[in-house]
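The chain contents come next:
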Amino acid sequence: MLRLIAALVMLVTPLTAEEIVLGLSHDEVAITATFNGSDVMIFGAVKRDAPAPSGGPLEVIITLSGPMEPVLVRRKERVLGIWANTDAVEVDEAPSFYAVATSAPMREVLSEVEDLRYGISIPRVIRSVGAPSEVVNAETFTDALIRIRAAAGLYQVLDSQVDMEEETLFRGQITLPAALTEGNYSAHIYLTRDGMVVDDYETDIAVFKAGLERWLYEMSRNQPFWYGIMSLAIAISAGWLASAVFRIFQR
Amino acid sequence: MQIYLPIAEVSVNAFLLLGLGGLVGILSGMFGVGGGFLMTPLLFFIGIPPPVAVATEAVQIVASSFSGVLAHLRRKSVDLKMGTVLLVGGLIGAAVGVVLFNYLKSLGQVDLLVKLCYVVFLGIIGGLMFVESLRAIRRSKVVGAPPVRRKHGLVHALPLKMKFRVSGLYISVIPPLIVGLLVGILAAIMGVGGGFIMVPAMIYLLGMPTKVVIGTSLFQIIFVTAFTTMLHATTNFTVDIVLAVLLLVGGVIGAQIGTRIGVKMKAEQLRILLALMVLLVCGKLALDLLLVPSELYSLGAGGGH
Numbered sequence: 000m001l002r003l004i005a006a007l008v009m010l011v012t013p014l015t016a017e018e019i020v021l022g023l024s025h026d027e028v029a030i031t032a033t034f035n036g037s038d039v040m041i042f043g044a045v046k047r048d049a050p051a052p053s054g055g056p057l058e059v060i061i062t063l064s065g066p067m068e069p070v071l072v073r074r075k076e077r078v079l080g081i082w083a084n085t086d087a088v089e090v091d092e093a094p095s096f097y098a099v100a101t102s103a104p105m106r107e108v109l110s111e112v113e114d115l116r117y118g119i120s121i122p123r124v125i126r127s128v129g130a131p132s133e134v135v136n137a138e139t140f141t142d143a144l145i146r147i148r149a150a151a152g153l154y155q156v157l158d159s160q161v162d163m164e165e166e167t168l169f170r171g172q173i174t175l176p177a178a179l180t181e182g183n184y185s186a187h188i189y190l191t192r193d194g195m196v197v198d199d200y201e202t203d204i205a206v207f208k209a210g211l212e213r214w215l216y217e218m219s220r221n222q223p224f225w226y227g228i229m230s231l232a233i234a235i236s237a238g239w240l241a242s243a244v245f246r247i248f249q250r
Numbered sequence: 000m001q002i003y004l005p006i007a008e009v010s011v012n013a014f015l016l017l018g019l020g021g022l023v024g025i026l027s028g029m030f031g032v033g034g035g036f037l038m039t040p041l042l043f044f045i046g047i048p049p050p051v052a053v054a055t056e057a058v059q060i061v062a063s064s065f066s067g068v069l070a071h072l073r074r075k076s077v078d079l080k081m082g083t084v085l086l087v088g089g090l091i092g093a094a095v096g097v098v099l100f101n102y103l104k105s106l107g108q109v110d111l112l113v114k115l116c117y118v119v120f121l122g123i124i125g126g127l128m129f130v131e132s133l134r135a136i137r138r139s140k141v142v143g144a145p146p147v148r149r150k151h152g153l154v155h156a157l158p159l160k161m162k163f164r165v166s167g168l169y170i171s172v173i174p175p176l177i178v179g180l181l182v183g184i185l186a187a188i189m190g191v192g193g194g195f196i197m198v199p200a201m202i203y204l205l206g207m208p209t210k211v212v213i214g215t216s217l218f219q220i221i222f223v224t225a226f227t228t229m230l231h232a233t234t235n236f237t238v239d240i241v242l243a244v245l246l247l248v249g250g251v252i253g254a255q256i257g258t259r260i261g262v263k264m265k266a267e268q269l270r271i272l273l274a275l276m277v278l279l280v281c282g283k284l285a286l287d288l289l290l291v292p293s294e295l296y297s298l299g300a301g302g303g304h
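So the sequences go chain by chain: P and Y.
FYI, numbering that gives the first Met the number 0 numbers position 171 of the first sequence as 170, with every residue one higher than the one before it.
FYI, numbering that gives the first Met the number 0 numbers position 96 of the second sequence as 95, with every residue one higher than the one before it.
Hints are computed from structural coordinates only; laboratory data are not their basis.
Computed from a predicted model, the values in this text were never measured in an experiment.
Glycine included, every Cβ here is placed at the ideal spot set by N, Cα and C.
Incorrect hints may appear among the rest.
What the hints assert, rightly or not - Derived CB-CB ranges, DEER-like:
1. P:T174 with Y:N235: 27 to 33 Å
2. Y:R74 with P:T85: 49 to 55 Å
3. Y:K283 with P:Q222: 35 to 41 Å
4. Y:I260 with P:A137: 53 to 59 Å
5. P:W239 with Y:P292: 39 to 45 Å
6. P:D203 with Y:L72: 53 to 59 Å
7. P:W239 with Y:L275: 55 to 61 Å
8. P:D91 with Y:I260: 51 to 57 Å
9. Y:P292 with P:A137: 16 to 22 Å
10. Y:P292 with P:L211: 42 to 48 Å
11. P:S24 with Y:L15: 45 to 51 Å
12. Y:P49 with P:R220: 45 to 51 Å
13. P:W239 with Y:P208: 23 to 29 Å
14. Y:V95 with P:Q160: 53 to 59 Å
Stated by the list, open to error - Derived DSS-like pairs: lysine-lysine, alpha-carbon spacing no greater than 27 Å straight-line:
15. Y:K210 with Y:K265
16. Y:K75 with Y:K265
17. Y:K283 with P:K75
18. Y:K80 with Y:K283
19. Y:K114 with P:K75
20. Y:K210 with Y:K160
Extracted from the complex, chain Y is given alone in its bound form:
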């Protein structure tokens, strides 16, 4: 069934959008990522104009993250205190990121920079996670004992310590604030919730347990993406509500299914899957930049000068 999108001004198949939303929703619930880093390129691919895709994707992330976080709240796997600290950093970061994004836009080449950002960050994070989770799986197989607790010298040495009971941590608020800030900046530039950066950062930098990380990441993603949605809606007028509704119907259902799959899986398996997916997207984007494109020319709105 074809449907005409009022803001994007293109006609697309409604079932295709529902399916895409569902698929990304499942991943979102499983891994605690918003799924924007997957959905945004997919939307480009089916012909949605990039500014509309980026802005509308934010609305869908709000929906699927909210759906996912409710499931995690019932399971008490959300560290609200840690989430709030991360969020404070995240909102400041997002505001800085939007300013930075507009500056890059004035220089031109923003598309390329966004793609390079994706390739570099997805590559680093995916690679690190993959190696680490392989090691963890091998360790648990050989010894049969739980992995050794990591030491966090620097994180423990900083002032302003706070107790995060759900995460079982007693650390300074400065590292989570900085993590939130950096992720917020990247999220705004790359047009995503930032879960795929946030999740590994919480596991490896802050030392939070994997099960708590996902709910907490979803919790703070809701607010950061709601903020970006409002920014896009009021400045660029690029939020397509019809597109958003189609994506989020599939997305919220997928998120519920994904959360249930995620709970049944082992932390190491979950991490290795996420790592593989991140590397896959990274590889695809890198190929796009390196291979000869089939069409060297592209069209954009004129009248800029």
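Just chain P, with the same shape it has in the complex:
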């Protein structure tokens, strides 16, 4: 059910000495009724016109990001002995899924400045313009968002989990969880040397519902009245059927 398409794309940019040549195990993920997560293999090679430049070793960062969406983070506080939601902060843009895999520990691979520029690590991907002024410690809300999503397997940090051979061939695997939302996922590959990004490359992976899942979803949105009637009809007939079957057994 998962189509295997190997797409090799060449980049021709004469300015950079080292370029990425990329392959993907598949460029689309179909969510069907029995969908139980999926592994995406991202592999590639580094193309050089000249011998590898001197300096630190060449490293790779692979990120896979789901669609960006606003998220409302609420905090509970004790009010009159009861735990109730009090403060809320809206995070303007957070990916529904985000994985970042590196070929060596993150701190060695990427400098703070480059992270800020490209937005690679999880805290840098999440964009929050500003919290309401009456909320103190607004950054704890973003931390909570990362913590909750990481616990659900939606945010993954895969330090040193990209294989890099001879500073030329690299390979990484990212596991998409079963509870996945639809949309265009983007895979981003960065080559770094001494913490600086040398080259980057981006490609899309389409994640969509397929088959019965697609049909039911569309119907619930486009013909909600008939979808409701259908649900009730199924409920009533199932109730009747069970009753009838049990009557036969009783005799």
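Given the coordinates of chain P, assemble chain Y onto it according to the supplied hints.
Below, chain Y without anything else, positioned relative to chain P:
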């Protein structure tokens, strides 16, 4: 076996859902409650988003109540006339309840209010039923005679009297209408069929015999929850049919088994069990509100402003 739910957008174990449906179905058939007050928190617990859980639960209640009511109809333990009167009140109440629910939602804090509603009502009803059924059991043991018939001063004094032959009552239609209305409002706010409020109300306020109460309660729950299902499906798009089917397959089978268990049990035993279950759920919800939660933060859909 994992299955992906198209509307809830989560992947869950199909057998877990079948089992949950079956368990709640048994309780539904035994006590004449839809089981929503148990199932909805259970669905939250396994990770179904709350709006989907509440809406989908309504579909399952329709199925298990229909299955249960057929068994009761054959046994002639459904007071259709009383059920219809209650239903008229119930539908008006549900409409009022939905308006009220949306108003509370605009104020925020709707989750907390729903939970407080649960704790207060489950606590009162469970406590009253428990004490009353203990007393009834003790009375029948000591004297060995049937319990004394209760007096209903106010219920008998009101105008518009009607004969409810199956229940053996000759009372005004105003009390059942009001009971239906109030239960309808609560049902819509709390996202349940309202059987756990309706059953005690029929026994203690209207003085109906326990055996008739269950079938009659199921009868009116079918229509009230069918109404809420349509409201959810057309306004919030949160009814997950795949989730509903899995729950109701277990539910309808459970309801049949439950109805048969219920018939074999004594009314007092049935009531004391229901009371205990109601108190248990109440205690769990109260603890959730009072104890320090393990995660102080929660995520919701943004873009509201």
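We went through each hint and held it up to the structure:
no.: 1; hint: P:T174 with Y:N235: 27 to 33 Å; in the structure: holds, 32 Å
no.: 2; hint: Y:R74 with P:T85: 49 to 55 Å; in the structure: holds, 52 Å
no.: 3; hint: Y:K283 with P:Q222: 35 to 41 Å; in the structure: holds, 39 Å
no.: 4; hint: Y:I260 with P:A137: 53 to 59 Å; in the structure: holds, 55 Å
no.: 5; hint: P:W239 with Y:P292: 39 to 45 Å; in the structure: holds, 43 Å
no.: 6; hint: P:D203 with Y:L72: 53 to 59 Å; in the structure: holds, 57 Å
no.: 7; hint: P:W239 with Y:L275: 55 to 61 Å; in the structure: violated, 32 Å
no.: 8; hint: P:D91 with Y:I260: 51 to 57 Å; in the structure: holds, 54 Å
no.: 9; hint: Y:P292 with P:A137: 16 to 22 Å; in the structure: holds, 20 Å
no.: 10; hint: Y:P292 with P:L211: 42 to 48 Å; in the structure: violated, 37 Å
no.: 11; hint: P:S24 with Y:L15: 45 to 51 Å; in the structure: violated, 31 Å
no.: 12; hint: Y:P49 with P:R220: 45 to 51 Å; in the structure: violated, 20 Å
no.: 13; hint: P:W239 with Y:P208: 23 to 29 Å; in the structure: holds, 27 Å
no.: 14; hint: Y:V95 with P:Q160: 53 to 59 Å; in the structure: holds, 57 Å
no.: 15; hint: Y:K210 with Y:K265; in the structure: holds, 10 Å
no.: 16; hint: Y:K75 with Y:K265; in the structure: holds, 18 Å
no.: 17; hint: Y:K283 with P:K75; in the structure: holds, 18 Å
no.: 18; hint: Y:K80 with Y:K283; in the structure: violated, 37 Å
no.: 19; hint: Y:K114 with P:K75; in the structure: holds, 15 Å
no.: 20; hint: Y:K210 with Y:K160; in the structure: holds, 23 Å
This entry does not satisfy hints 7, 10, 11, 12 and 18, going by the numbered hints stated previously.
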